[in-house]
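**Q** Start from the sequences and build out the full structure, keeping to the hints where you can.
So the chains spell out like this:
There are 2 protein chains.
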Amino acid sequence: MIHILGAERVLLCDEEFRLLSKGAVAFLGDKILAVDSYEKLQKRYPEALAEYHPQGILLPGLINAHLHLEFSANQTTLLYGGFDRWLSSVITHRDVLMGEGAKEAMRRALDEVLSSGTTTIGAISSAGLDLEILAHSSLRVLFFNEVIGSNPSAIDFLWEDFLGRLKRSEEFKSSRFTPLVAIHSPYSVHPFLIKRALLEAKRLGGVVSTHFMESKEEREWLEESRGFFGDFFARFFGGVKPKALSTPLEFLELLEGQRVMLVHGVQMNEEELAKAASLGASLASCPRSNRLLGGELLDISKVKKAGIPFLLATDGLSSNTSLSLLEELRIALFAYAKEPLESWARELVLSVTKRAAYALGLESGELREGLKADLALFELEGIGECTQEALQWILHAKKVKTLYIEGKKVEVK
Amino acid sequence: MIHILGAERVLLCDEEFRLLSKGAVAFLGDKILAVDSYEKLQKRYPEALAEYHPQGILLPGLINAHLHLEFSANQTTLLYGGFDRWLSSVITHRDVLMGEGAKEAMRRALDEVLSSGTTTIGAISSAGLDLEILAHSSLRVLFFNEVIGSNPSAIDFLWEDFLGRLKRSEEFKSSRFTPLVAIHSPYSVHPFLIKRALLEAKRLGGVVSTHFMESKEEREWLEESRGFFGDFFARFFGGVKPKALSTPLEFLELLEGQRVMLVHGVQMNEEELAKAASLGASLASCPRSNRLLGGELLDISKVKKAGIPFLLATDGLSSNTSLSLLEELRIALFAYAKEPLESWARELVLSVTKRAAYALGLESGELREGLKADLALFELEGIGECTQEALQWILHAKKVKTLYIEGKKVEVK
Chain A
12 MIHILGAERV
22 LLCDEEFRLL
32 SKGAVAFLGD
42 KILAVDSYEK
52 LQKRYPEALA
62 EYHPQGILLP
72 GLINAHLHLE
82 FSANQTTLLY
92 GGFDRWLSSV
102 ITHRDVLMGE
112 GAKEAMRRAL
122 DEVLSSGTTT
132 IGAISSAGLD
142 LEILAHSSLR
152 VLFFNEVIGS
162 NPSAIDFLWE
172 DFLGRLKRSE
182 EFKSSRFTPL
192 VAIHSPYSVH
202 PFLIKRALLE
212 AKRLGGVVST
222 HFMESKEERE
232 WLEESRGFFG
242 DFFARFFGGV
252 KPKALSTPLE
262 FLELLEGQRV
272 MLVHGVQMNE
282 EELAKAASLG
292 ASLASCPRSN
302 RLLGGELLDI
312 SKVKKAGIPF
322 LLATDGLSSN
332 TSLSLLEELR
342 IALFAYAKEP
352 LESWARELVL
362 SVTKRAAYAL
372 GLESGELREG
382 LKADLALFEL
392 EGIGECTQEA
402 LQWILHAKKV
412 KTLYIEGKKV
422 EVK
Chain B
12 MIHILGAERV
22 LLCDEEFRLL
32 SKGAVAFLGD
42 KILAVDSYEK
52 LQKRYPEALA
62 EYHPQGILLP
72 GLINAHLHLE
82 FSANQTTLLY
92 GGFDRWLSSV
102 ITHRDVLMGE
112 GAKEAMRRAL
122 DEVLSSGTTT
132 IGAISSAGLD
142 LEILAHSSLR
152 VLFFNEVIGS
162 NPSAIDFLWE
172 DFLGRLKRSE
182 EFKSSRFTPL
192 VAIHSPYSVH
202 PFLIKRALLE
212 AKRLGGVVST
222 HFMESKEERE
232 WLEESRGFFG
242 DFFARFFGGV
252 KPKALSTPLE
262 FLELLEGQRV
272 MLVHGVQMNE
282 EELAKAASLG
292 ASLASCPRSN
302 RLLGGELLDI
312 SKVKKAGIPF
322 LLATDGLSSN
332 TSLSLLEELR
342 IALFAYAKEP
352 LESWARELVL
362 SVTKRAAYAL
372 GLESGELREG
382 LKADLALFEL
392 EGIGECTQEA
402 LQWILHAKKV
412 KTLYIEGKKV
422 EVK
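Chains as they are written, first to last, in the numbering used here: chain A, 12 to 424; chain B, 12 to 424.
Hints may contain errors.
Copies of the same chain look alike in the list, so a pair counts if it works inside one copy or between any two.
[As the list claims (entries may be wrong)] Below 30 Å or equal to it, Euclidean Cα-Cα: the simulated DSSO-like pairs (lysine-lysine) are:
| hint | residue 1 | residue 2 |
| --- | --- | --- |
| 1 | 213 | 286 |
| 2 | 349 | 227 |
| 3 | 227 | 315 |
| 4 | 54 | 412 |
| 5 | 412 | 33 |
| 6 | 184 | 206 |
| 7 | 424 | 184 |
| 8 | 409 | 349 |
| 9 | 410 | 424 |
| 10 | 412 | 114 |
| 11 | 419 | 178 |
| 12 | 419 | 51 |
| 13 | 316 | 349 |
| 14 | 286 | 349 |
| 15 | 419 | 114 |
No wet-lab data here; the hints were simulated from the structure. As the structure is a computational prediction, the values presented were derived from the model and not from experiment.
**A** As structure tokens, this is what we get:
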């Protein structure tokens, strides 16, 4: 049965940011058949099940390319105001946050993801605790099995652990669930592990995600093997002060030939930005997380100048107050106060739709024939008279009204 | 009957930002009797009606020193992205926004004010449309009757209109409702009107509020009598191009000897900041409004350096998405990303409590013996183990749990 979903405004989220007034999407099964005016689609598909929302604003389902679901139990436990104190507090409280109550917290967090109009997430899985919840959720999930480990004496164990998680996640592979590989960061993964993990990534196909240049402490460590991370690793490595495993550029070179999504990049310098651009990497920015941990936001103009597509994501509840992309969009709108308001609003919309889809290699993120029928319909009073649709949607959207993933209506709490 | 309201954390909101653990406020009638540990207050007042909130965080009721309630019907009508286009859209849509539906919109907006834990507002009234709603609300209200008018031929009429509104508002004067005077701005009020209005302000006592240096267009006009405002006034003055009535400094000089709260000040230069400091003026900042209209935020460090106390306010729904101070605080926390996180959070809390009370000349804004029993109690899971109370409260507070104004419990929707 063909469905037609019509709305007062339809945001195609193509590169020209075209809009339709009284537009609609026709879809069959998991795919979009056509995007046109509601009237024309009704004529073309007279048998279709059609609905029209006169206060509606229809977008492709939003894509939250980077989050950590496993830490959803954090609310006021972790310390903010410095990457060093934050990471130390994560180590201290990790077991409690991932213990009793973690699953319930993850379920609540996913409800929030859906109600913000998100249809796809990129979830970094550190321990596999989130595997079954995500595999059984109605979301489209890119499940990034994260490899971590810099201490040579622990590498074999950590590799086996990673491989076990990866294999287990592969059992759940489906049209909506894609197992992938994430590399934790340049400071925490041995090049030996990185190379082996990249072979697994090649076997799987698809994008690799990695945190990169999130904090000043990271640069200090990678370039000079000193500072916070020196003491941090010494504690874990039994008093022996190790050295950094690679410079930022050497790390990027390891990723050559691989589709990569870098995460954060707040501290990237121009050389690193140029290198990332030459790799064809995308960059996911999480402004709320960056502000809470490091006290600095990504310099968007530098990233744009380097020609790197940036996308917006929430990060996990370990460093944010919600997994709602709507809230992240609002913060980004106001926090980047010097960006021209309307064009910035449009860029932000693209950063959670088309550009996020590009970064993750998805057949969605746009309303276009042949793409997945992942659709998010919101209601906004007065949208019919509005000429600043992207802006007003970011300002006012609180909860999605109707959500489709692969052409199936999803219940939103 | 004495009441004791106890909570896991009590934020006194004094200049040292002291906190009590398992603290409480005892109050009788409209006044705070004592602030101490819950246990001690129970012993001191054994007959009191006492309640304790183990997840509670208790603050003085919040103070939203600057808003325009009359424009509450705006949601997506007005144009953002430039002061010029915004002001033009206000003129075009003013009658509709203030027409049918305005009162219902104002009531809804006040519900939101209360549910954000606000006990006092400074409301700029342009037409008196909000008078009865505010006079009958449970909020503490500073009702700023606004004088406007720069065209000499209309001055008499506008003065009579202002005086009529002022007198009418004086009929509602009470312990919670204070009629005051606001001067619209340096560009829109003739010095002749300003002087007369200031005499009324002297008669009433209390603070005068005025928009000041909100936009680049304002400076261009005041200093060079050209730009957007040149055309704008020419339209209203029948084709004759008028000249600016005073420079920014001359305007400030008119306010000499008067307790003043300036609003916005985004474009103030150092000379003007120094002059404002010498007047003992406070400065109310509305970051969301500033970003939407002018695309720039107030440079807080300059304001602090000049020694001017700043406070945070929402402005009206004509230039904001909500009248919730909680949302404004969150935006300010993230938008001023370079301010040190924890101390900035504490400053922000003071900017809607103690400092706002100072700016408006209120006997509230702090939890201290003898002040008004205006109290806002929130619940925050894990507050007992939390060491970053101000920060976590700003991050997570969505809705007040219990609100007292002048010692009376107020229903919150």
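**Q** Does each hint hold? Answer for all of them.
**A** Hint check:
In the homo-oligomer, the alpha carbons of residue 213 and residue 286 lie at most 30 Å apart inside one protomer (21 Å), although the nearest pairing across protomers, at 66 Å, exceeds that limit. In this assembly of identical chains, the alpha carbons of residue 349 and residue 227 lie at most 30 Å apart whether taken from the same copy (24 Å) or from different copies (14 Å). Proximity of residue 227 and residue 315 under a CA criterion of 30 Å is satisfied in both settings, with 21 Å inside one chain copy and 27 Å between copies. Proximity of residue 54 to residue 412 under the C-alpha cut-off of 30 Å is restricted to the intra-copy arrangement: shortest distance 26 Å within a copy versus 53 Å between copies.
With identical chains, the CA atoms of residue 412 and residue 33 are at most 30 Å apart within one copy only, with a shortest distance of 17 Å there and 42 Å across copies. Proximity of residue 184 to residue 206 under the C-alpha cut-off of 30 Å is restricted to the intra-copy arrangement: shortest distance 23 Å within a copy versus 76 Å between copies. With identical chains, the CA atoms of residue 424 and residue 184 are at most 30 Å apart within one copy only, with a shortest distance of 26 Å there and 46 Å across copies. Proximity of residue 409 and residue 349 under a CA criterion of 30 Å is satisfied in both settings, with 24 Å inside one chain copy and 28 Å between copies.
In this homomeric assembly, residue 410 and residue 424 come within 30 Å of each other (Cα to Cα) both inside a single copy, at 10 Å, and across copies, at 20 Å. Proximity of residue 412 to residue 114 under the C-alpha cut-off of 30 Å is found in both arrangements, the shortest distances being 26 Å within a copy and 28 Å between copies. Taking CA atoms no more than 30 Å apart as the test, residue 419 paired with residue 178 passes inside one copy only; the shortest distance there is 28 Å, against 62 Å between copies. Only within a single protomer do residue 419 and residue 51 lie at most 30 Å apart by alpha-carbon distance; the minimum there is 23 Å, versus 60 Å between protomers.
With identical chains, the CA atoms of residue 316 and residue 349 are at most 30 Å apart both within one copy (16 Å) and between copies (23 Å). Taking identical chains as interchangeable, the C-alpha atoms of residue 286 and residue 349 lie at most 30 Å apart whether they share a chain (27 Å) or sit on different chains (27 Å). Taking the closest pair of Cα atoms, residue 419 and residue 114 come within 30 Å of each other only inside a single copy of the chain (25 Å); across copies the shortest separation is 42 Å, beyond that limit.
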